[in-house]
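Residue-level listing of the chains:
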Amino acid sequence: MRRVALSVNGTRHELDVEPRDLLVYVLRERLGLTGTTVGCDTSSCGSCTVLVNGESVKSCTMLGVQADGLELTTIEGLARNGELHPVQQAFHEHHALQCGYCTPGMVLAAVSLIEAGEATDEDAIREGLEGNLCRCTGYHNIVQAVSAAAGVS
Amino acid sequence: MAVVEETGTYIGAPVKRKEDVSLLRGRGTYVDGLTLPGMLWMAVVRSPYAHARIESIDLTAARAAEGVVAAYSGADLADDWVGGLPCAWPVTEDIKMPPHYPLASEETRYQGDPVAVVIAESRALAKDAAELVDVTYAPLPATADVEKALADGAPLVHEDLGTNECYVWKLETDDVQAAIDAADVVVTRRYMQPRLIPNAIEPRGVLAQVDPTGEVTVWSATQTPHIQRFALQLVLGIPESKIRVIAPDVGGGFGSKIQVYGEAPLAVAVARRLGRPVKWIEERAENYLGTIHGRDVVHELTFAATKDGDITAVKSEAWCAMGAYLELVTPGIPLLGAWIYSGPYDIPNYSVTFTGVFTHTTPTDAYRGAGRPEATYVLERTMDALAAELGIDRVELRRRNFVKEFPHTMASGLTIDSGDYHASLDKLLELLDLDSIRAEQESRRSSGDVKQLGVGFSTYNEMCGLAPSRILGAIRYAVGGWESATIRFQPLGSVQVVIGTSPHGQSHETTFAQIVADQLGIGVDTIDVIHGDTASSQLGLDTYGSRSLAVGGIALHHAGEKIIEKARAIVAHQLEVSEDDLEFSGGAFSVKGSPDRSLTIQEAAFAAHTAHNLPDGMEPGLEQTAVFDPPNFSWPGGAHAAVVEVDTETGDTRLVRYVAVDDVGQPVNPMIVEGQVHGGVTQGIAAALYEEGDYDDDANLLTTTMTTYLVPSAAELPSYETALTETRADNPLGVKGVGETGTIASAPAVINAVVDALSHLGVTDIQMPATPERVWTAIQEATS
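Going down the list, the protein sequences come from chains Y and E. Numbering of the first sequence is given in my numbering, commencing with residue 1 and proceeding in unit increments. Numbering of the second sequence is given in my numbering, commencing with residue 154 and proceeding in unit increments.
Just so you know, the hints here were simulated from the structure itself, not pulled from any lab data. Model, not experiment: these values are computed from the prediction. Virtual Cβ for every residue (Gly too), placed ideally from N, Cα, C. Any given hint could be a false lead.
As the list claims (entries may be wrong) - Away from chain E, derived, C-beta distances all over 10 Å, residues of chain Y:
1. Ala5
2. Val8
3. Asp16
4. Leu70
5. Gln88
6. Glu130
Stated by the list, open to error - Derived DEER-like restraints, expressed as beta-carbon distance ranges:
7. E:Thr860 x Y:Glu71: 45 to 55 Å
8. E:Glu802 x Y:Thr61: 48 to 58 Å
9. E:Met250 x Y:Pro86: 49 to 59 Å
10. Y:Pro86 x E:Arg180: 10 to 20 Å
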């Protein structure tokens, strides 16, 4: 066991984690933040994407101990004062989710892409979301939503 | 939040989804997010061999491992089962139905066949200990190929059956061979449709709890809570009345969460033995082995036609992989396409034969479209081949053979209630601008451009909305095809709608609320739709086969009629007028000619609850249930086109445009309909260009992760162009199914486009998926 201190959605947590615990399971099973989902074993699907110091990271590719001292945002921390983040709101307006399982990761990947200034046109958005798989929407409405949130046509 | 606030205008409006409120905040309740006090974790040990005799299973080390509470082999749990995992569709009288138990105890028959379970205090400890289970296998020969499996001397999946042939099923009109013999032109083509792995992004999962009283609660990532409930009785002997199955939020299914997999009864059996809740969550690699696959069919399709292009006969023979065991509806999947091998065309002579074949592979079962993509693919590919043979334009050949009048009874015997295939095709051509695509294609061909352009078409129909119970009975399906819905007014006027279908992305909470809001003249936000829990919805047959709206939606409409009828009687009694004197509009009953004398339906509901002044003999409360058994299937149709760019040096194919025009009847929510089309189309495109579940010669699965089985991302796909043409279905809402149309139509459009791009080089066929290697090889073979 190793003691780590991390900030998640603005709340500081100190906890003992096993060296082998993946960050995604620390979030889900230790902190009860089950909005971050798990879809594969190979870092392929992107469902578990969270923001680490503002950048999107697949939380199955990080160990919990590596998050020591870092600031994380999960889907639960994106809405402010009850108001959806503009990317969440755009997903709602454009019907960019169906079953919702990939949605937390997809939304956070999109937030990171927009904040990095990389969501410049449709092709860039499609390339930028390559690491996040959705089986329901065919991506059409996701691209529409991210374009709208990024202010590109 | 609804975009439409006034009542009476919800159907046809793009109302934003109620479901999003939780899901967008990460507040979905998928099974893996659920935890119960004292909960244990189950891990499943699976066979690494496709076919092996189990010589011994030693659980000693696993049982001694840290955190392990128990470990069981198949022999240990043999007395827990009163029956095997059920197959509900014995398609012929003499079908071979091998026994299938949750754990194999003597022989394993596919790579991934479960042989033992380990139960421990945590997910990680259960998986660690599963590694310590020591199974001694004696490997046996295996085959994953349907044709090799039927050859003499092939390794048998079930030795005691003496054959790998599961069944032969035939549907034939009288004069097929005569029509073929008399035809001016006969075209026969052969096709291989590979295995597809459904890949719902949420893997399967089960959480089971057994109370000391014997009450069982199962939370399951399933499309079919009601089917799970009766199957659990069949396997475990626990009465259905003591079993509650809850499908919480479910992260996609596409057919792969219909089945009754062994892990559910295993979790219940183990929870019953240990007196603690038990959870099992599938890993993706497990999902590829242990969750059903789709397709894996070899076809030979023949068209007979006049020289003018009138198709006079269609004959299909298909060899369909069952896999190693029969899951819930494995043998019946081909039959779901059996009646539509004439597609949207009027073809008088008809023959379809399916041979079901056991192979040493993961069982096949329903994957989006189930039987209909298989039929539509071979049909639409062969339409292009026939057009080439006749020298007739591909679009004109389709148009010439379209069914023109409805209702239309097909040679296969079923009746299409409605459609207008010309209208869909006209709309498609309008959107496509074929002339400019042809001009660009010509230009690239004449300049010898490395990147060649192709356009492909698919005009289709499909039968969905499963299904008329009598027809299901006649084709030997074990249960019915009806659906139920309940509308319940609470005393103060809010409304609960309880449905028997169980969504996993289809937006039932929104769509069904729209139907009730319009019919009863109340706001959509007044209505809550409850689903996915057998304790709330005792009657239901769940979600598959594009049935929820076409069957469940009609049940809901009939429940609404009953509500209005009862409320009308209450209002007439209270206002002391005859029921005939009342008009119902905008949520209120008013006296004809005296509109100031009125009561709202919510006032009627309050009166029904107080019961102070009801007609003599009327029961208090305003709650009505309707069960609807559809008289016919649902018949969507349409016209799709794909435009592809093929790099002739590398074989790389890019989809550059996809245009889909569909007739799904009256759209209740066009935004949601469009989303279903996008998703469906994408799964067909994926099958055409990327996805293939591949086994080696020893029946080892080669595509075991998302890094080798290529689920496309946004980067591989274009945005789509979609439109609807509308003919009302023969039901009170005019609605048809839409969940599977895109997948059914799209794969042949894409492959037809790839072949079109290369036809000037002499390429006439490319097997799905059109990988760079296959395309490059086809070009080399055609041009060498």
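Right, here's what the structure says about each hint:
At the 10 Å boundary, the C-beta of Ala5 of chain Y stays outside the reach of chain E, the nearest C-beta of that chain being 23 Å off. For Val8 of chain Y, the requirement that its beta carbon stay farther than 10 Å from each beta carbon of chain E is met, with the minimum near 12 Å. With 10 Å as the threshold on Cβ separation, the claim that Asp16 of chain Y sits away from chain E holds: the shortest Cβ distance comes to roughly 14 Å. Even its closest Cβ contact with chain E, about 19 Å, leaves Leu70 of chain Y beyond 10 Å, as expected for a residue assigned away from the interface.
Separation of Gln88 of chain Y from chain E is inadequate, the least Cβ-Cβ distance of about 5 Å not exceeding the 10 Å criterion. At roughly 4 Å, the least C-beta separation between Glu130 of chain Y and chain E is not larger than 10 Å, which violates its mark as non-interface. For the pair Thr860 of chain E and Glu71 of chain Y, the supplied restraint of 45 to 55 Å is violated, since their beta-carbon distance comes to about 30 Å. A beta carbon spacing of about 35 Å between Glu802 of chain E and Thr61 of chain Y contradicts the range 48 to 58 Å that was offered as a hint.
Roughly 56 Å separates the CB atoms of Met250 of chain E and Pro86 of chain Y, a value that falls within the hinted 49 to 59 Å. Between Pro86 of chain Y and Arg180 of chain E the C-beta distance comes to about 19 Å, which sits within the given range of 10 to 20 Å.
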